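Chemist: As a plain string of letters, each chain reads:
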Amino acid sequence: MTKILVVAEVKDSEIKKPTLELLSYANSLSLETDAVLIGDGVSGQADVLAGYGAKKVYVADDPSLGLYSTSAYTSVVADAASQSGASQIWLTSSETGKDLTPRIAARLGVGAITDITKLEVNGDNIKASRPAMATKVIQECSFTQGGVRVLSVRGGALDVIPADAASADAVSLSIPEKDLRAAIKEVVSEAGGEIDLNEANIIVSVGRGVKGPEGVDLVKPLAQAIGAGFGASRAVCDAGWMPHSSQVGQTGKVVAPAVYFAIGISGAIQHLAGMSGSKLIVAVNKDPDAPIFKVADYGIVGDLFKVVPILIEEVQKIKG
Amino acid sequence: MNIIVLIKQVVDVELNIRVKDGALVEDGLNYVISSWDEIAIETALQIVESVGDGEVTLVTIGPDQAAEALRKGLAMGAHKAIHVSDAGFDGSDSFAYAKAFAKILGDRDCDLIIAGKQAQDTDAGLTAGMLAEFMDLPQATNVTKLGQIAADKLTLHRGGDNGSEVIELSLPAVLTVNDSLYEARLASLRGIMQAKKKPLETLDLAGSGVDAATVGIAGRQTVIDQLVEPEARQAGQKFEGDEEETTKQVLDLLVNEAKIFA
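Line order of the protein sequences matches chains A and B. Per my numbering, the very first residue in the first sequence carries number 9; after that it's consecutive. Per my numbering, the very first residue in the second sequence carries number 388; after that it's consecutive.
In short, the hints are calculated from the structure, not lab data. Don't take every hint at face value.
[As the list claims (entries may be wrong)] If you want a taste of the chain B side facing chain A, the calculated C-beta under 7 Å gives, among others:
(1) ILE404
(2) ASP480
(3) PHE482
(4) GLY512
(5) GLU520
(6) PRO525
(7) GLY547
(8) ASP548
(9) SER551
(10) GLU552
(11) GLN613
(12) GLU627
[Claimed, not checked] Derived lysine-lysine pairs resembling DSS-like cross-links, with alpha carbons at most 25 Å apart:
(13) A:LYS327 to A:LYS228
(14) A:LYS287 to B:LYS646
(15) B:LYS583 to B:LYS467
(16) A:LYS325 to A:LYS228
(17) B:LYS635 to A:LYS325
(18) A:LYS314 to B:LYS646
(19) A:LYS294 to B:LYS625
(20) A:LYS186 to B:LYS532
(21) B:LYS625 to A:LYS228
(22) A:LYS135 to B:LYS407
(23) A:LYS126 to B:LYS407
(24) A:LYS287 to B:LYS635
(25) B:LYS635 to A:LYS302
(26) B:LYS635 to A:LYS314
(27) B:LYS646 to A:LYS228
(28) A:LYS314 to A:LYS294
(29) B:LYS532 to A:LYS19
(30) B:LYS635 to B:LYS646
(31) A:LYS294 to A:LYS219
(32) A:LYS25 to B:LYS646
(33) A:LYS314 to A:LYS327
(34) B:LYS407 to A:LYS302
(35) B:LYS490 to B:LYS585
(36) A:LYS302 to A:LYS314
(37) B:LYS646 to A:LYS327
(38) A:LYS193 to A:LYS24
(39) A:LYS228 to A:LYS25
(40) A:LYS219 to B:LYS625
Source: prediction; values computed, not measured. Think of the CB as a built atom: it goes at the ideal place given N, C-alpha and C, for glycine as much as any other residue.
With the rest of the complex left out, here is chain B (with noise of 0.2 Å):
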């Protein structure tokens, strides 16, 4: 079983984010896997684990720093990395993405591509099921529950609007993992030191076989205009002291005031 995952680092969403100018304020942000990736690659560990062979390999586009990313899943236990990083990348969408992976994929040996239900930084969550038209494969999304692992076949629950879907996806396919499908392991000294020797591939556009045409500000199809803060919600009313006073002053204002029963 061997198994692809797609992961993306990001900015660290738990600290605080400033926009100046339509952008990021650069000044004290972080980069982390962003969490659903990690989620994915536990997923990609535990289905190998279970079938009892099989290779994990973590697949990235973004700048050098990316591989920290990469380095990180492999100390939690993934085989091998492939980071594609070049400036020819900078300003493409998910759109130019899923084609970008499609053709370094395309020609890999892999029974399963899982990646998290969406980006932390973008919350979009397009790449993985364009990715899976792309190349013609079926797809589970926002899987939530694993049940029988075959190596041709899973049986998993997909959060759907109406319950928990079940589905038999025959392999190869693409999966998007939510966070409450398992917790991601940490990564042991033993697995730090040893991903320093395991195979981190780096390819640039080129090298990637990727047309340059199909990927930065030529190959997209939508574009961040600009970024800007949040209305900011304005605090309200602050109620304090004996409940049964306090409780019905705001259900007082919730019938008068919101008239939310009316």
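Isolated chain A (complex conformation) (with noise of 0.2 Å):
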């Protein structure tokens, strides 16, 4: 029979959208599902997730399990997988579900598909489609042999259906040993405080365009009025001006938002590979033939350096 476990992320004692989108999907397919919550003082998160339609929250809440391993993480989800009885596993393809993803379905002993942007499921019967070659190519892939079918989903490529409220069927699972052999010793934040990229509404992005880091404090008040992730180009993190952490593109970050500007961007596949999923494209670039105006549903030819504060005046005035 058809069941789904989904692998929540959590982000300072919040369920992170993807997650959201994955249950409101499977809930939206009245699929039976369940889900797996892990890190550290995150137990009182599985309401969230019953009330959007996890059946059972398999729930493993642990000081050891505050910063993400792979090994812990790999044994955990397994351990939920097993005792649900899934006869799928949906994750989100942020870094943990990158990294989580081929090691929980070679323990499984299946393939998996990942990064998927197109989800069509019928029972245990999967068609994915999913971006490749920097986003030149649509794959659509199935799965070829009985088994669990293992999954992860670009964030932004489904919709979260608002939820009710609920108490949660919670299910304490238990903590697997620490992994000696790769200790995670801290997480380093470049950009503490700042609006996760790959749970952004709007996205600003800064290019070559801004010329250097007073380029940047340009542009940031922009992403801050808007209250929008503030992104950057490959060029601008290459240089230095923005932590690598801020890159989007195909080797960066990938990101679907609802809105994204692209402040002097010319638009390099590379780049357009990380953001061309966003619903609406804003760009800015003073030469007519960037490559971005091609992808933008809104062009401005010009100065980012005249554009830019007059955006963030309107934008202050409209916010109030």
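The task is to assemble the complex, starting from two chains supplied on their own in separate frames and drawing on the hints.
Modeler: This is the structure we're talking about:
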């Protein structure tokens, strides 16, 4: 029988949006769904998962799980999968999901399909579309053999359907031993307190056109005024003007927000592969032939050093 | 320190790519080492140079022409290469390749296995992690920075969701690398000449020891049924002229048409 196990992700004591998207989608298809919740002090989030449709929530809540560990998280998910008897395991294609997905699939002795942007589920028959070759092609994939279906879905690919309040049927899992072979020492936050690009509804990104750190500082207040995530092209990160954790692109974060502002970004393939799934793209560039204009819904051909201050002023007026 | 680098020759995604009848149009395609795999080779060379001894061995499973990618890696400075080539692998998925690599690498003396974070053609990012699980090795994926390098231990940063995760990894282990880690060196002319004399072992399916039933169509767990072209985004409206005016026009559309601040 078809049963989904959603691997939930938590940040700052909240369930991340891509997890809610997975639960909402399973729920909208009336699929029986469980969830597994892992972390330190996360038990309180089980009710949220139940509200979004998780029938049972398998919880591994322990100080040793506060930081992500491949080995411990793989063991917990495998344990939850076995207890729930799920026929499918759904993850998000976050950095955690990317690390975890192959490991879980291999442990269960099955294949996996990652970074899905369109998912059709008919019982345990899956038809999944996913971009490849820097989003120059879309692969339509399926599973060829029996066994559990392990897959990961890109954030923003599905919609969140608002939930009802519920109280979870929670099951405590045993806590795996610490992995001494890959010891997680700490997490160094490069961009503390800022909006996670994978979560952001709106993203403002800067490219080489900002010319230097001063240009970055000019655009940053626009992101703040809008309440947007603040990203960058590879050129900006390689130059050290912004941390690599801000990089949007095939080799950085792949994002699909409702609105994407590309400020001084020419639109190299590598960058387009990371943001062309955005619902609305606004570009500002002084070169009318910049490739970014081929994907932009609204393109301003002009000097960003003039455009951005006007945008900031007007947005501040609107936001009051 | 003996390091194995898994490399893959892929379609050059910088060039034009067209799809017809569910498959790539071969005409005009160029094949290169997947760019993250070049970083993997660079990383291996840096580690061996830092420790002061050891060998870098490149391994690929791929058609005859994939030997070019191995020669290029040897020219960069890798010491030897293994080319597993057999039509029996055709149609394999990441799962089947990971199983095959586990078999091929299982008996070799190796402290570290390094690969790119994903291959540039599939962007799947599965093979290295599956291999680590099959070989029961610890892993660190999406490595962005190396700290201390010792013969039995690495300290490194991996790009995680909430920042850089600092990991102390005991060897043997599997790493996948992000391209912010290093810039791949270019092969020197001398390197290219030397590469011609470096050992390149070619194995067929039987020679590799991999069970034919575990690879190709029989061994795969997933399949790409077809390729389609992505829906082309329609270029929208372009506004040129005085910035004061164009910016306000666009803002008006954002507020009243797209309702982004609603």
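Chemist: Next step is simple, just say for each hint if it's right about the structure.
Modeler: Results for each hint:
1. ILE404: holds (4 Å)
2. ASP480: holds (6 Å)
3. PHE482: Given a least distance of 4 Å, the restraint on PHE482 (chain B) holds.
4. GLY512: Nearest chain A Cβ about 5 Å off; hint holds.
5. GLU520: This interface hint holds because 4 Å falls under the 7 Å limit.
6. PRO525: holds (4 Å)
7. GLY547: holds (5 Å)
8. ASP548: holds (5 Å)
9. SER551: Hint holds; SER551 (chain B) Cβ to chain A Cβ min 4 Å, cut 7 Å.
10. GLU552: holds (5 Å)
11. GLN613: OK, holds: GLN613 (chain B) within 7 Å of chain A, min 5 Å.
12. GLU627: Check passed: Cβ of GLU627 (chain B) comes within 4 Å of chain A, closer than 7 Å.
13. A:LYS327 to A:LYS228: Holds, because 16 Å separates the two Cα atoms, which is no more than 25 Å.
14. A:LYS287 to B:LYS646: Since the Cα atoms of LYS287 (chain A) and LYS646 (chain B) sit roughly 13 Å apart, the hinted pair holds (cutoff 25 Å).
15. B:LYS583 to B:LYS467: At roughly 11 Å apart (the allowed maximum being 25 Å), LYS467 (chain B) and LYS583 (chain B) satisfy the hint.
16. A:LYS325 to A:LYS228: holds (17 Å)
17. B:LYS635 to A:LYS325: Distance of about 12 Å is within 25 Å: holds.
18. A:LYS314 to B:LYS646: holds (24 Å)
19. A:LYS294 to B:LYS625: Holds, because 12 Å separates the two Cα atoms, which is no more than 25 Å.
20. A:LYS186 to B:LYS532: Cα-Cα ~23 Å, so holds.
21. B:LYS625 to A:LYS228: holds (24 Å)
22. A:LYS135 to B:LYS407: Status holds; Cα separation ~20 Å.
23. A:LYS126 to B:LYS407: With a Cα-Cα distance of about 21 Å, the restraint between LYS126 (chain A) and LYS407 (chain B) holds, given a limit of 25 Å.
24. A:LYS287 to B:LYS635: holds (21 Å)
25. B:LYS635 to A:LYS302: holds (21 Å)
26. B:LYS635 to A:LYS314: Answer holds: LYS635 (chain B) to LYS314 (chain A) is near 12 Å, not above 25 Å.
27. B:LYS646 to A:LYS228: holds (22 Å)
28. A:LYS314 to A:LYS294: Within the cut-off at roughly 11 Å; holds.
29. B:LYS532 to A:LYS19: Measuring from Cα to Cα gives roughly 24 Å; hence the hint holds.
30. B:LYS635 to B:LYS646: holds (15 Å)
31. A:LYS294 to A:LYS219: holds (13 Å)
32. A:LYS25 to B:LYS646: holds (21 Å)
33. A:LYS314 to A:LYS327: holds (21 Å)
34. B:LYS407 to A:LYS302: holds (23 Å)
35. B:LYS490 to B:LYS585: Between LYS490 (chain B) and LYS585 (chain B) the Cα gap is close to 24 Å, so the pair holds against 25 Å.
36. A:LYS302 to A:LYS314: holds (22 Å)
37. B:LYS646 to A:LYS327: holds (13 Å)
38. A:LYS193 to A:LYS24: holds (24 Å)
39. A:LYS228 to A:LYS25: Since the Cα atoms of LYS228 (chain A) and LYS25 (chain A) sit roughly 24 Å apart, the hinted pair holds (cutoff 25 Å).
40. A:LYS219 to B:LYS625: holds (23 Å)
Checked against the numbered hints given earlier, the structure satisfies every one of them.
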